[in-house]
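Asks: For reference, the chains in residue letters:
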Amino acid sequence: MYYIDPHIHMVSRTTDDYETLSRMGCIGLSEPAFWAGFDRGSVDSFRDYFRQLTDFERKRAAQYGIQHFTWLCINAKEAENVSLSREVIAMIPEVLDSPSVLGIGEIGLNKNTKNEATIFVEHLELAIQYNQQILIHTPHLADKYQGTRMILDMLCDDNRIERSRVLVDHVEEHTIRHVLDEGFWAGMTLYPISKCTPQRACDMVEIYGPERLLVNSAGDWGPSKPTAVPDFIIEMRRRGHSERLIRQVVYDNPVQFFSQSQGFDFRAPDVSEAPATN
Amino acid sequence: MSIPMTASQVLDREFLEIRAKVLELAASFDRLHRAAGVVAGDPRLSLIHEAIDVLQSDADDRAEQVQLIFSLQYDDEWQKKFDMVSAR
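As they're listed, the protein sequences go chains A and B. The first sequence begins at 1 in this note's numbering and counts up one residue at a time. The second sequence begins at 1 in this note's numbering and counts up one residue at a time.
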């Protein structure tokens with residue numbers, strides 16, 4: 001089955017991983033800008049990173065038949081540096097017209113601080129000003145519930161935001177309902193220890209239905225599995241779910257969500273797989 | 001939407017997995033018991049015991065309840081505390 005991984009950090013992965021993803025049926029992915037594992041020191045560092053995301057990774061993916069898309073921002077961890085964050089936000093419009101840019105992301109909160117919230121709101125302003133879609137990181141572990149609720153407060157405070165164009169990522173059992181009830185898209189991230197397992201992601205599809213739900217691996221430089229989406233597909237099959245339903249979650253939904261972005265020049269594969277219709 | 005498997009099929013499929021997970025928990029508690037020092041007053045241990053109590057309940061949202069036990073509480077006054085203006 002063809003699938004799209006809507007959240008994966010390929011700058012942290014090897015070319016072998018691209019090959020493996022291709023063998024597993026991945027034909028498209030989107031890569032949000034994130035933390036490098038250390039705090040960057042200048043706006044030029046981000047300028048180079050954005051070039052890597054919009055140019056080099058796109059070419060590297062294409063060698064394996066994978067279409068690469070990306071999102072731009074300064075991430076929540078580095079948002080503690082407010083002055084640098086504002087320099088990066090001011091620079092982002094230089095890059096927004098690059099091929100494959102889907103919007104602003106992954107913005108959000110990390111430790112739910114005032115500085116993080118301030119920069120989150122300034123990213124929202126940027127997205128609104130340039131009519132960009134938004135991809136949002138929610139915090140980990142104990143901070144997730146509080147941080148997700150804070151993020152929803154800030155999003156719902158602004159009636160200029162089109163909720164159907166916003167993806168709130170890394171939802172789990174205690175946050176998914178809040179996100180979906182407010183009309184946003186929700187992403188489930190399959191991680192070995194924190195976040196969600198393929199089994200629990202299937203549970204959430206069964207409980208909440210497939211609408212506005214995405215599944216991703218968020219593969220990065222930490223303990224993570226870039227082929228986690230195929231694990232989800234296998235678990236859904238083992239439970240007896242239809243191919244149509246599985247395809248809706250791993251392919252049709254990401255295409256539907258990303259298609260709201262001008263940068264999504266996706267070329268569907270030249271084969272006929274049954275579309276997900278009810 | 002429901003799960004296509006019956007409860008009996010789920011148990012058939014997951015019995016050994018559940019057994020293995022319970023064993024892992026039991027072994028973790030044994031390890032804590034064997035190790036030098038005392039953690040009885042550690043709040044993390046209280047959270048774990050609270051979560052285990054949830055597993056014994058008959059609720060249909062046990063995963064959500066366990067998540068909330070391990071979560072910081074949401075404070076709906078947070079925007080005031082941060083001096084941020086809310087439109088609501």
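Just so you know, these hints were derived from the structure itself, not from any lab. Yeah, the Cβ is synthetic: ideal placement off N, Cα and C, and Gly gets one too. Certain hints may be false.
[Said to hold, decoys possible] No more than 27 Å apart at the CA atoms, straight line, and that leaves these computed lysine-lysine pairs for DSSO-like:
{"no.": "1", "chain 1": "A", "residue 1": "Lys225", "chain 2": "B", "residue 2": "Lys21"}
{"no.": "2", "chain 1": "A", "residue 1": "Lys225", "chain 2": "A", "residue 2": "Lys77"}
{"no.": "3", "chain 1": "A", "residue 1": "Lys59", "chain 2": "A", "residue 2": "Lys111"}
{"no.": "4", "chain 1": "B", "residue 1": "Lys80", "chain 2": "A", "residue 2": "Lys77"}
{"no.": "5", "chain 1": "A", "residue 1": "Lys225", "chain 2": "A", "residue 2": "Lys59"}
{"no.": "6", "chain 1": "A", "residue 1": "Lys114", "chain 2": "B", "residue 2": "Lys21"}
{"no.": "7", "chain 1": "A", "residue 1": "Lys225", "chain 2": "A", "residue 2": "Lys111"}
{"no.": "8", "chain 1": "B", "residue 1": "Lys21", "chain 2": "A", "residue 2": "Lys77"}
{"no.": "9", "chain 1": "B", "residue 1": "Lys81", "chain 2": "A", "residue 2": "Lys59"}
{"no.": "10", "chain 1": "A", "residue 1": "Lys111", "chain 2": "B", "residue 2": "Lys21"}
{"no.": "11", "chain 1": "B", "residue 1": "Lys81", "chain 2": "A", "residue 2": "Lys114"}
{"no.": "12", "chain 1": "A", "residue 1": "Lys111", "chain 2": "A", "residue 2": "Lys77"}
[Claimed, not checked] Not close to chain A: a few residues of chain B, all C-beta gaps over 12 Å, as computed:
{"no.": "13", "residue": "Met5"}
{"no.": "14", "residue": "Val22"}
{"no.": "15", "residue": "Arg31"}
{"no.": "16", "residue": "Arg34"}
{"no.": "17", "residue": "Asp42"}
{"no.": "18", "residue": "Ser46"}
{"no.": "19", "residue": "His49"}
{"no.": "20", "residue": "Ala63"}
{"no.": "21", "residue": "Gln67"}
{"no.": "22", "residue": "Met84"}
[What the hints assert, rightly or not] Per the computed footprint, the stretches of chain A lying under chain B, defined by three or more beta-carbons under 8 Å from a beta-carbon of chain B, are:
{"no.": "23", "region": "21-30"}
{"no.": "24", "region": "53-59"}
{"no.": "25", "region": "234-244"}
Asks: Decide, hint by hint, whether the structure agrees.
Replies: The hints, checked one at a time:
{"no.": "1", "hint": "A:Lys225 / B:Lys21", "result": "holds (21 Å)"}
{"no.": "2", "hint": "A:Lys225 / A:Lys77", "result": "holds (22 Å)"}
{"no.": "3", "hint": "A:Lys59 / A:Lys111", "result": "violated (35 Å)"}
{"no.": "4", "hint": "B:Lys80 / A:Lys77", "result": "holds (23 Å)"}
{"no.": "5", "hint": "A:Lys225 / A:Lys59", "result": "holds (22 Å)"}
{"no.": "6", "hint": "A:Lys114 / B:Lys21", "result": "violated (39 Å)"}
{"no.": "7", "hint": "A:Lys225 / A:Lys111", "result": "holds (24 Å)"}
{"no.": "8", "hint": "B:Lys21 / A:Lys77", "result": "violated (34 Å)"}
{"no.": "9", "hint": "B:Lys81 / A:Lys59", "result": "violated (46 Å)"}
{"no.": "10", "hint": "A:Lys111 / B:Lys21", "result": "violated (31 Å)"}
{"no.": "11", "hint": "B:Lys81 / A:Lys114", "result": "holds (9 Å)"}
{"no.": "12", "hint": "A:Lys111 / A:Lys77", "result": "holds (8 Å)"}
{"no.": "13", "hint": "Met5", "result": "violated (6 Å)"}
{"no.": "14", "hint": "Val22", "result": "holds (16 Å)"}
{"no.": "15", "hint": "Arg31", "result": "holds (18 Å)"}
{"no.": "16", "hint": "Arg34", "result": "holds (24 Å)"}
{"no.": "17", "hint": "Asp42", "result": "holds (15 Å)"}
{"no.": "18", "hint": "Ser46", "result": "holds (14 Å)"}
{"no.": "19", "hint": "His49", "result": "holds (17 Å)"}
{"no.": "20", "hint": "Ala63", "result": "violated (4 Å)"}
{"no.": "21", "hint": "Gln67", "result": "violated (4 Å)"}
{"no.": "22", "hint": "Met84", "result": "violated (6 Å)"}
{"no.": "23", "hint": "21-30", "result": "violated (count 0)"}
{"no.": "24", "hint": "53-59", "result": "violated (count 0)"}
{"no.": "25", "hint": "234-244", "result": "holds (count 4)"}
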